[in-house]
Amino acid sequence: MPRPSVIGMIPARYASTRLPGKVLLDIAGKPMIQRVYERCREARLLDEVLVATDDERVADAVGAFGGRVEMTSCDHCSGTDRLAEVARRLELSADDLIVNVQGDEPMLDPRAIDAAVKPFLGDASLQMGTIATRIDGLEEHLDPAAVKVVLDAQGWALYFSRAPIPYFRLQPGEAEPDAPRRHPVSGMAPLKHIGMYVYRRDMLLWYAGLAPGLLEQTEGLEQLRVLEAGRRIRVVIVEYSPIGVDTPEDLQRVRELIAAEGD
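Count along the sequence shown starting at 1, add 548, and that's the number in the numbering used here.
This list has only true hints and no planted wrong ones.
Estimated spans, in silico, between C-beta atoms of each pair:
| hint | residue 1 | residue 2 | range |
| --- | --- | --- | --- |
| 1 | CYS625 | SER789 | 25 to 31 Å |
| 2 | LYS666 | PRO692 | 29 to 35 Å |
| 3 | GLU787 | CYS625 | 29 to 35 Å |
| 4 | TYR715 | TYR562 | 37 to 43 Å |
No lab work stands behind these hints, which were simulated from the structure alone. Ideal placement from N, C-alpha and C gives every residue a C-beta, glycine not left out.
Given only the sequences and the hints, what does the whole structure look like? Please build it.
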């Protein structure tokens with residue numbers, strides 16, 4: 549089949565409850581959004597990268613480092629809706645690919661983007677995908693902020709949850725395994741979902757047009773809208789474990805790590 553165009557889109561808003569102006573915060577001499585943009589440009593399978601925003605301050609910052617910006621409505625409730633607006637505007641075919649990259653992961657591994665995209669280049673039937681990584685410790689498995697995903701034997705998502713799925717049923721007297729976090733009988737390691745998505749253009753537009761489902765509203769996880777509507781999400785397991793920036797402590801940690809890299 550002809551190779552589809554692959555566009556990395558970074559939805560970025562200025563407002564943030566815990567870190568106002570988060571995407572513009574300085575990290576070793578560059579705003580966070582520039583760090584994310586540059587990591588995306590290192591991915592081999594992305595043909596184009598752009599930032600989708602409704603804020604002129606973000607647009608000005610992206611323009612200052614030579615990045616591409618698409619302005620959007622300020623009425624969107626989610627990054628998915630923001631990207632859908634851009635996808636409608638651009639001259640894309642139904643099978644072209646859009647990669648939704650979070651704007652608060654300045655240490656994003658470009659190889660994770662390539663791993664997420666690669667299956668779509670050889671299988672025209674794939675419509676939506678994401679990535680996950682193995683959970684090593686008990687604390688993360690129990691943490692509701694770490695979204696878990698369980699898969700079927702072919703790598704399709706069965707369910708995403710803030711609960712510790714799969715539940716580890718243990719025999720009397722068996723201690724909860726911590727690190728590595730693996731079930732003592734099955735050997736299964738739980739998986740943490742990473743919020744990067746790949747969509748065919750028409751799949752993204754269909755997704756954004758759906759009303760939120762009951763599961764999505766219950767768990768607070770937008771991707772459950774797709775499963776509840778009877779569609780499928782392919783999941784690729786990667787070694788990359790993201791470091792998102794949600795708190796001042798996260799920001800300081802990332803600043804120190806990037807400074808140590810000399811970047």
